[in-house]
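Asker: Residue numbers (full-length UniProt numbering), protein chains in the order written: chain B, 1 to 357; chain A, 1 to 357.
You can trust all of the hints, since none of them are fake.
Heads up, the list lumps identical chains together, so a pair's fine if it works in one copy or across two of them.
Straight-line distance between alpha carbons at most 25 Å, and here's what the computed DMTMM-like set of lysine to aspartate or glutamate pairs gives:
| # | residue 1 | residue 2 |
| --- | --- | --- |
| 1 | K35 | E119 |
| 2 | K336 | E279 |
| 3 | K35 | E118 |
| 4 | K35 | D284 |
| 5 | K35 | D346 |
| 6 | K156 | E206 |
| 7 | K35 | D124 |
| 8 | K35 | E279 |
| 9 | K35 | E24 |
| 10 | K336 | E265 |
| 11 | K35 | D125 |
| 12 | K156 | D125 |
| 13 | K336 | D346 |
| 14 | K156 | E119 |
| 15 | K156 | E24 |
| 16 | K336 | E326 |
| 17 | K156 | D124 |
| 18 | K156 | E23 |
| 19 | K336 | D284 |
| 20 | K336 | E258 |
Just so you know, these hints were derived from the structure itself, not from any lab.
Protein chains: 2
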Amino acid sequence: MTTEKQVLDRIERARRRAPRVREERVTLSHGAGGKATQTLVEDVFLGAFGNPALEPLDDGAVLRVGTARMVLTTDSFVVSPLFFPGGDIGDLAVNGTVNDLAVSGARPLYLSAGFILEEGFPMDDLRRVTASMSAAARRAGVEVVTGDTKVVQRGKGDGCYITTTGVGVLERPDEFGAAHVRPGDAVLVSGPIGEHGVTVMLARGELDLAADLVSDTAPLDGVVAALLDAVPGGVRMLRDATRGGVATVLNEVARAAELAITVEEAAVPVRPAVIGACELLGIDPLYVACEGRFVALVDGDRAEEALAALRGHPLGEGAALVGRVEGGPAGLVLLKTAFGGTRIADLLVGDPLPRIC
Amino acid sequence: MTTEKQVLDRIERARRRAPRVREERVTLSHGAGGKATQTLVEDVFLGAFGNPALEPLDDGAVLRVGTARMVLTTDSFVVSPLFFPGGDIGDLAVNGTVNDLAVSGARPLYLSAGFILEEGFPMDDLRRVTASMSAAARRAGVEVVTGDTKVVQRGKGDGCYITTTGVGVLERPDEFGAAHVRPGDAVLVSGPIGEHGVTVMLARGELDLAADLVSDTAPLDGVVAALLDAVPGGVRMLRDATRGGVATVLNEVARAAELAITVEEAAVPVRPAVIGACELLGIDPLYVACEGRFVALVDGDRAEEALAALRGHPLGEGAALVGRVEGGPAGLVLLKTAFGGTRIADLLVGDPLPRIC
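Construct the entire structure; sequences and hints are all you get.
Answerer: Structure below.
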């Protein structure tokens with residue numbers, strides 16, 4: 001006879017087993033930010049490169065150069081189409097990297113940019129992309145200080161891919177990270193979610209659907225600084241909600257902190273146009289990428305102060321308190337639905353929205 | 001009547017005019033490291049991002065973070081095939097970035113890696129590439145501390161592209177750069193040239209030609225340190241001879257320093273197999289990429305010491321003194337041929353060897 005305890009133990013052991021990629025070939029899911037990406041990173045990349053700076057698998061690595069504490073972060077951008085309402089691959093590449101620095105608590109300073117261009121890519125499009133990058137860099141107060149360009153034959157690329165790497169400096173005493181999260185912490189999101197992902201999907205024109213939406217792509221360094229200034233020592237963890245959306249971020253936090261997170265579905269800010277498009281696409285807005293929104297876990301007693309600070313910044317006007325950290329069940333994100341039920345919001349297995357960043 | 005002086009003045013004015021990309025679309029030449037790349041960088045990238053750290057257009061940007069002086073450098077790798085005798089895209093990506101730091105005088109510390117994978121790429125190949133990267137990183141004493149993975153649909157990539165960004169720290173008092181080069185300086189190369197480019201070309205199997213060659217891919221930090229230790233204050237400028245080969249490096253130096261460089265063709269070390277393959281390919285070994293060789297400009301009075309230091313290191317055994325810096329004609333590289341003639345070795349216009357790095 002198998003007791004419930006034995007079943008639970010077996011599940012727990014399976015969970016803790018080192019993840020192993022089972023696929024023989026790379027699939028789109030491996031780039032989606034969900035379960036397959038996590039397994040790929042933990043098996044292949046951590047297996048090859050494991051070291052103390054990489055192992056937290058945060059958005060950026062904290063490094064020491066001389067006496068300075070800095071953060072290094074990198075992101076490759078393969079968004080399709082390259083141009084969409086509210087932005088393009090250029091400002092996305094700058095903002096994405098600036099945001100990874102910002103949520104690491106660093107002040108963004110410098111960027112590098114590696115371009116992989118496809119033979120035949122229109123020069124005017126390249127000028128448009130670099131102009132967007134330049135404007136985004138100016139807005140975030142960073143400089144593009146070095147770069148590289150490679151060209152691949154027609155059919156071996158898709159116009160333009162950009163990899164940006166960012167360097168920021170840690171000047172604040174605040175320390176964040178999963179290790180600082182504890183039961184009772186409040187979960188905030190900085191604004192309405194899912195606009196970037198849905199906008200890019202609609203821009204592909206494959207759906208017979210138009211919505212009055214623009215990407216939320218924006219640099220988050222200012223609004224993050226406003227939050228940190230308002231509740232010094234009260235911020236436990238910050239993460240921008242890109243690939244895989246808010247649900248994926250919360251899963252990563254819950255797993256890393258070995259705690260549970262409960263989310264009130266009705267409290268999550270989502271614009272009606274995003275809800276409508278998601279219903280037609282058959283996806284949950286909680287899993288749709290933003291490129292200008294972040295999740296903040298803050299001391300539960302200071303949630304109102306934190307919320308007020310976010311709402312006082314133009315990029316946090318729509319901020320909301322959406323959930324709480326609980327002692328358990330460890331590693332799970334529980335969604336309290338509008339109908340009074342509770343369901344688990346797990347990591348996604350597939351990729352409902354490929355190439356949105 | 002037009003005097004010779006007027007003609008020369010007109011040429012000079014045309015030369016100094018801000019470069020302007022005339023092509024409406026990106027061509028393979030824009031990624032080749034020669035004239036088209038230079039024009040693209042100066043027009044499009046410098047036009048968009050111009051700032052004091054970027055403008056020297058060196059292999060790395062010198063930055064200040066807190067009290068530390070560091071170098072940031074980035075390179076995208078699109079080599080085809082991914083695996084070739086003597087290496088693969090993985091060690092190439094690590095060594096290439098380590099070498100850009102080394103020739104900037106920095107001690108390589110940290111790397112980031114952005115992967116753009118094509119759907120269907122074999123997982124075993126990815127494991128092989130990451131294992132090579134890991135081994136190369138260990139060899140160079142650097143750590144891969146952060147990364148990102150994106151996946152593009154089948155037919156929108158070519159297996160695997162990698163963008164590596166490196167951070168190094170400047171600890172030596174030496175200052176290099178084009179501004180330090182002066183007439184009388186000696187031009188050294190650290191070993192036989194062109195092996196990487198020819199090896200990759202032959203690995204494509206498009207030529208009915210086999211040669212007993214392996215890529216020269218290697219980390220140059222050790223041999224560069226040996227040189228700097230041997231002739232402190234005597235090194236004017238260092239540059240690894242990648243895309244476009246030694247001739248392209250020398251052209252960049254001659255232009256930046258506004259001096260001439262004369263090269264004794266017979267003094268340039270090239271293995272017979274490289275000469276043979278280059279004859280069949282119709283290319284000059286001076287323009288073929290190396291991935292483990294560098295050009296050093298050193299004080300002419302200390303050339304012998306510098307040469308001895310290079311030759312004392314396993315990666316500099318085949319080093320040679322190949323030329324001298326002269327007062328003029330400014331910006332030109334003059335090749336003294338084995339037959340006693342002199343010809344100009346200009347920047348290449350096209351791309352004889354696409355995607356060798």
